[in-house]
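Asks: We have chain A; now place chains B and C onto it with these hints.
Residue numbers (the numbering used here), protein chains in the order written: chain A, 130 to 583; chain B, 293 to 556; chain C, 14 to 651.
Straight-line distance between alpha carbons at most 35 Å, and here's what the computed DSBU-like set of lysine-lysine pairs gives:
#: 1; chain 1: C; residue 1: 34; chain 2: B; residue 2: 512
#: 2; chain 1: C; residue 1: 261; chain 2: C; residue 2: 380
#: 3; chain 1: A; residue 1: 423; chain 2: B; residue 2: 322
#: 4; chain 1: A; residue 1: 423; chain 2: B; residue 2: 540
#: 5; chain 1: A; residue 1: 131; chain 2: C; residue 2: 449
#: 6; chain 1: C; residue 1: 33; chain 2: B; residue 2: 328
#: 7; chain 1: B; residue 1: 318; chain 2: A; residue 2: 394
#: 8; chain 1: B; residue 1: 489; chain 2: C; residue 2: 25
#: 9; chain 1: C; residue 1: 25; chain 2: B; residue 2: 433
#: 10; chain 1: A; residue 1: 394; chain 2: B; residue 2: 309
#: 11; chain 1: B; residue 1: 526; chain 2: C; residue 2: 143
#: 12; chain 1: A; residue 1: 419; chain 2: B; residue 2: 317
#: 13; chain 1: A; residue 1: 429; chain 2: B; residue 2: 318
#: 14; chain 1: B; residue 1: 322; chain 2: A; residue 2: 421
#: 15; chain 1: A; residue 1: 429; chain 2: C; residue 2: 449
#: 16; chain 1: A; residue 1: 422; chain 2: B; residue 2: 526
#: 17; chain 1: B; residue 1: 309; chain 2: C; residue 2: 33
#: 18; chain 1: C; residue 1: 33; chain 2: B; residue 2: 322
#: 19; chain 1: B; residue 1: 480; chain 2: C; residue 2: 77
#: 20; chain 1: B; residue 1: 322; chain 2: A; residue 2: 416
#: 21; chain 1: C; residue 1: 104; chain 2: B; residue 2: 480
#: 22; chain 1: C; residue 1: 68; chain 2: B; residue 2: 512
Keep in mind that the hints were calculated from the coordinates and are not lab data.
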Amino acid sequence: MKYGDKVGLYNDASQCIAEDVPIEALSPFYNPYMKDVLDLFKRTAFVNLSKLQSCLKEGKAGWETVIGQDECKMPWYGRDLPIVEHAEEIADRIRDKIGKFGDGEDSVVVMADTIIVKIPREVMGIFASRDPVYTWTMVALCQAIAEIFKIDPNTDLDGCNMLKAVVFGRYPQSITFSPGAPVSGFLKPSNVVDGLGAEYSGITVNHIVAMVNKRTMDGLALASILEEAAQWEMGNAVGWYERYNLLGYAYEGFNANNLVLDLVKENRAGMIMDVVHSTVRRAIEDKVIKVKKKFASGYKMYATDNYPLWNAYELAGTTAAVIVNCGAMRAGQAAPSVLAYINDGFTIETGGLPDPDGGRMEGVGIGFAFYTHSIYGGAGPGAYTFDHVILRGSGFIQPPIVAGMCLDSGTQLFSPEMTSSAFFKLRDMFPLLQNPLEKVAEAAEQIKGEIKKG
Amino acid sequence: MAEKTKSEYVPNIYPGKDTVSARRKKLWDKSRPLLKYRSIAEDDITQLLSHRAVRSAYVSVHPPLEELIEPYDPIKHIVVPTPGTRAGDRIRFIQMSDSFHLPSIAPFGRQRLYFSRFRGIDTVVYSGREILEMRERDLEKATKMLLETEIFNPGRSALKGITVHGHSLRLDENGLMFDARRRYIYDKDSGEVVYIKDQMGNVLDVPVPVGPPLSEEDCKKLCLTYSWDTQPYKARTELFEMMSRSTKMRVMAGFNPEMINESM
Amino acid sequence: MGEELSEEERIKRFVEERKKKAGEERTKESGMSARERDYTRELYRASQKFIDIEKGRDIYQTMKEIWGAEPLYEVDEKMYHRGGYRQSIRKKEFIDAGKQIAIKRGLPSYSRAVGLPVGQRMLEPMPVGKWGITIEQDDSHHMNNTAIQQLNDDIKRTVIMNLDLAHRMLQVRVGKEVTPETLNFYMETLQHTMGAGAVAQEHMNEVNPYLVKDAWAKIITGSDEIMDGLDQRYYIHIDELFHPDRAKALKEAIGDSIWVVFRVPTLAMRMGDGECTGRWAAMQNTMAFISAYQLSGEHVISDLAYAFKHARVIHMGDKLWGSRVRGRNEIGGIPDGFIPDIIQCERDLPLMPYVEYMTQDDAAASKAMTRMSEGIGGIAAMLDNTLWLGFYMSGGIGFSNTVATSALSGGANEDVLSEFSNLGAKYLRGKLIPAKWDIMKVMLNMVATYVIETYEKFPTLAELHWGGAHKTSIMGTVGAGVSAMLTGSSTMGLWAGNYTIASAMKEGWLRTGWAGQEIQDHMGMPYLCSFRPEEGNLTEMHGENYPMHSFSAGHGNQRAAANYGAMMGRGSAWCLSPVVKVAFADPHLAFDFRRPRYCIAKAGIKEFMPDGERTAITPACDILDRGILKDTMKEIPF
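Extracted from the complex, chain A is given alone in its bound form (with noise of 0.2 Å):
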């Protein structure tokens, strides 16, 4: 055990799951759940059969709109193929094709009408890159519809690249493939992801939201897992800054000491800032900061010797805020302005301590509240994706953004039922992703006596 800090983990109902926890525990290289969700959403390709079968009726193929997907029509090229009742022999070709070189887990699965691909652990190790969730399935995917349907340069000239074009759209002309096409995976193809290391950081807020059910605190759980994990790989939680981002995700995310979940309650009819003077006061309470100073005004400027967990507190604080306001509002929208604006209140609160994320979050919140609401681009929060420019300035704004996506009661156009509703779907496919909150503590309590022995 490399850092002394331990925490008591709860579920939603504010029932301790796992006490004294090293914080190590919630570490995506110590947490066998986190391990386990961060290789479902690395390894997984989704094909959705209907969408396919429909596409290649009407030639539809290498649309750019996210919504509507309407403007590219090329009915003379169309197919009728029924494809979805020959799911089972499309998913045993692709089986063959790919499944081979794994270890033999099942590795293509038919659910409904959507098969799910796993690309074996032994092919992901041997590439350097995941883009095989891509390439490989959709490949096999080709090669099996026209297996089955007999189609080939001899029989159907253009029937061979309507079905590629339907499967890649206009790739490789465009970098990337139509947005909602039939095959899609959990995380970007790499090529169009920005930055070193933010793939896990790819993903849209309404899809997380959908997969758990809107359930508040699961959804906190489940943004942290990916945004911790995308925070490691990009190399922000590295040396100093490792202890900083186990803390900071254990109580914005994990609901460590139920800290996030008593402030709610303490402030359920309270307004933001109640909840900031909540924090500070349990910080003071819990000796995480104290008084250095007092001024003739009276005010009072307090100090810590412990950043990390007084970080962990602030983002604790806004998370709650978050949860309060949008909850109080059951709106999404109003999220970005806590997440903007509680900063200021920590700072001035304290005589000067950094606020959450040391200004990130301020700076980050402040461009999300613009551009949520102002004329330059943006969307409502559901549309935004965890490494969106705007967003991914900090690594804490995006749980809280979950939370009040969670809270929403229907007043988003873009909300999780238009952009993601796939994505409640794969909630009943995996039941890996149910209840996130409780297994990460479930499995923190598992190997916690090991991180002890170190």
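Replies: Chains B and C in isolation, oriented as in the chain A frame:
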């Protein structure tokens, strides 16, 4: 975890003991009520906001919460929704603009006031204006406070839903803040500022008086910003010490969060 | 509220209540702070004494000229009575043009019948820099201003290649000698190929020379010996263009290397993009080599091409990230450290740290400050606000232009900065301040509050910089520039700029700029010295493609002030690259990088002749009327 002690914590709210700092402390402390300066009828507020016809029913964006079937989430049962949320009201806005010259409130002043006194808010701060979005009936209630109390100077704060330009301009001949859409005028007979258009610039059937503009003396007394001729900013030692410490702490925290210590 | 009461009673009760409460409040306050009130009264009295001093400031005169009214008076009695858009010549022209276009094309065009009524306030004239030229706001829109366009074009059409590798290859692998004669012949050939003139193949399509009159190439070297052997038309005369001390420093830094700076035709770059520049230049350069040195389609040619296209080439900008993808040599890719090298405003000034200027005399120090404002206002602000954010990122809605315009306006910035020079001279006695926050903050707070008070005292200045965005942009620039000049540290400059906006301005006025304008200032602090991959780094290594800079406006001039200020603060002859510094001293360039605001002002009154015109091939054009090279090297004193 260190052993807990019961603290005698009293929120700081803001540094300094000059009159401007005292104003800030007052406005941002919800335990201190704001003085009411004028009364504006609820129907007039509805008109000024221009989101619904006077006395018409509120439009809903979703069914009342009680009728909504939602997946299980304990948090949704902990946080108390506002009345507008409970009813499923649309989210609508008020946008206020505040003059640069001795304003009784300014954009970040509004934000901090909203954060301290309102629930269920969405706000964005700009240089001259600030938008506040809430569920419609909650918004109307909040608007009452914004227009009736000491923070509203009819001469130097204004509803500007669109075309917000003007906060930094010189005042007009009657001492009012500029408005390119001339939503409000100074009624010389009554000595009051009268809105002849709603916040979006549509002409009102019946003008809405909002009271006389504050005198220069009152402007100075109620001013929320430091100014060379009221409370000079450069003399605010407590505030400057806090700001200077905060900027250095942020730089150190960004470099290595473990480097922060009690001596800083 | 008492709903049962009649309206009249309610009002009566309310008024009584209000009077009572106000009275109580007043008694409470006067009881509590009698001394404080005395102090305040004293202050009002004292402040009156300073009015005359305020009237002696440059800014007073400038404001008086602009507004034709008392600059210290906070009421504009003519507001709403200025005749709407008719008070502006330009707007009237636009209305006429809009009508004509609508009639001719049978489709509405510009029309003041839609949208808001323009001109309720005064549409004030704008004096640019200290050049004595006044333009209208609309004249500084990049679509209306040929100089801003040419600034954009002249950077994007520039690429620099090194010939040393190519020369070694000629000598070692092909056995050709490289002599002053061959070099001169190659350069003559190059002037021909740069305009797409054919040299090796017969029956090629060639370009009308009038269209490419702005295509040329020049040698940059630090070697007097090499320059002595060259035809004097073919190299950039460092000794004549720079102050002798600067010339010496630059020549030493460049050494015996031979670089060539290429200017690709404006029209070619505009038809393509910045990325075209390197390709055009490499192709035409290789052709000139082939022709001048009699090479064949032999294997070495591919190495030559590789050297010019990849191995020994300097682009003015990097490729951009995928989410805002553009190729090299576009504005978004320029590293911030190149911008002070592109700016030439300081090049005739003696090479010494700024604090030494201050010890000389007030005029010398103000001159240095004026040059900084000229460069930052005329170039950095245009690149950031007008071009990158106002045009590339948001398509030219005109708001960012007005922010950049605040950096153009004369009198205001210079006034504050020269006041500061005098102040600094008194305190610093010629010594750089160590780049430490605890020391710097004292001076910085003084400067920040001085600027803040200037806005408070001059309602006309507040009206000129009518958006918080304008003031924020100025505040950040002054904070960063002053701190960088005093410390010689770009990082200290950046920190100071961030602090000035995120703390000093915000807490004083409780407002900064448009909603997103503090983004960089808050993130800037934790990022300042961070070793994380997407944070930190020298300000010289930042740029518009640095993620947090890419979408938040009003800060390019702050970063440029940090870099350019640090360069002048240290007393160094360049910021990041001595070769780039020399490349933009080229007097043949249409945009004068030494007098950027002058060019922009001239363009505002339609007296700036840009390159890249197509009139030589458009109908009914007398080509002799066009294509005449402008006068070069015409010196106009600062």
